[in-house]
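Given the coordinates of chain H, work out where chain U should sit on it, guided by the hints.
This is what each chain is made of:
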Amino acid sequence: MKERREAIEAAGTQLAFVYEGSEKQAAALFARYGLDGVSRFRDPDAVLYRAFGLHRGKLFQLFGLRVLRRYLQAMSKGHGPGIMTGDGLQLPGVFLLHQSRIIKELRYGTVADRPDYVALASLESPELEDSSPESGSAILTPPPRLKWQVGDLPDACLRK
Amino acid sequence: MEMGAITIAASETFAESLAGACDQRGRSLAEISRSAFVLLIFLRHLG
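Chains H and U are the protein sequences, given in the same order.
Our numbering puts the first sequence at residues 173 to 332.
Our numbering puts the second sequence at residues 963 to 1009.
Hints were generated in silico from the structure; no laboratory data involved.
Using N, Cα and C, we set each Cβ at its ideal position, and we do this for glycine too.
One thing to keep in mind: the hints can contain errors.
[Stated by the list, open to error] Now the in silico label distances, taken between C-beta atoms and shown as ranges:
1. H/244 x U/997: 36 to 46 Å
2. H/245 x U/996: 36 to 46 Å
3. H/237 x U/997: 42 to 52 Å
4. H/230 x U/997: 35 to 45 Å
5. H/228 x U/997: 31 to 41 Å
In isolation and in its complexed conformation, chain H is listed as follows (with noise of 0.2 Å):
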């Protein structure tokens, strides 16, 4: 993800992650993967997962054959499993967001799905790394029409 997120700060977009998790293990796990220092967003109540439209997976979408092996990939390149913390039902998702409005965004269709970061950070169609058929279940949308109008709403953020 290092990696990555190089590729994706060079082509003049910031990276910012949301997690139900607590904040210790965030921190540890984002110095882990050279991601200290990117905005992360702690959503416990998943207020944000909801305002985006990313709800709790179904079962086929958590537990299938394609989750399956993915899960037995990461396990022979030895990302085992941790103490999870957060919801694991809940499916992920990726947005592009300028001036508050969603200009690209990407739900997954199974938690198998790897999505294209570095594709989706530009301004071009983003794609899935993997590109079998079976991958096809992410599922991109164009951004919804929007019903507020981007003003001055002011920053509500309790930590100022």
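Relative to chain H, chain U alone:
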């Protein structure tokens, strides 16, 4: 709430959600996206 936890205010709209979401340095998602393209990755879980 544990130290360092990020608080996201309850909000009614998408825009308010972005304004209320704050990173570990206290910057809101709306503020960051105001001047930059942001690739926002939602993780399934940590660990």
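With respect to the beta-carbon atoms only, verify the hint that residue 244 of chain H and residue 997 of chain U lie 36 to 46 Å apart. Check passed, 43 Å falls within 36 to 46 Å.
Given a hinted range of 36 to 46 Å, is it respected by the beta-carbon distance of residue 245 of chain H and residue 996 of chain U? 39 Å, holds
Given the hint of 35 to 45 Å, check if residue 230 of chain H and residue 997 of chain U actually sit that far apart at their C-beta atoms. Check passed, 38 Å falls within 35 to 45 Å.
Taking 42 to 52 Å as the stated bounds, is the beta-carbon spacing between residue 237 of chain H and residue 997 of chain U within them? 44 Å, holds
Cβ separation of residue 228 of chain H and residue 997 of chain U, checked against the hinted range 31 to 41 Å: 33 Å, holds
When the structure is compared with the earlier hints, no violation turns up for any of them.
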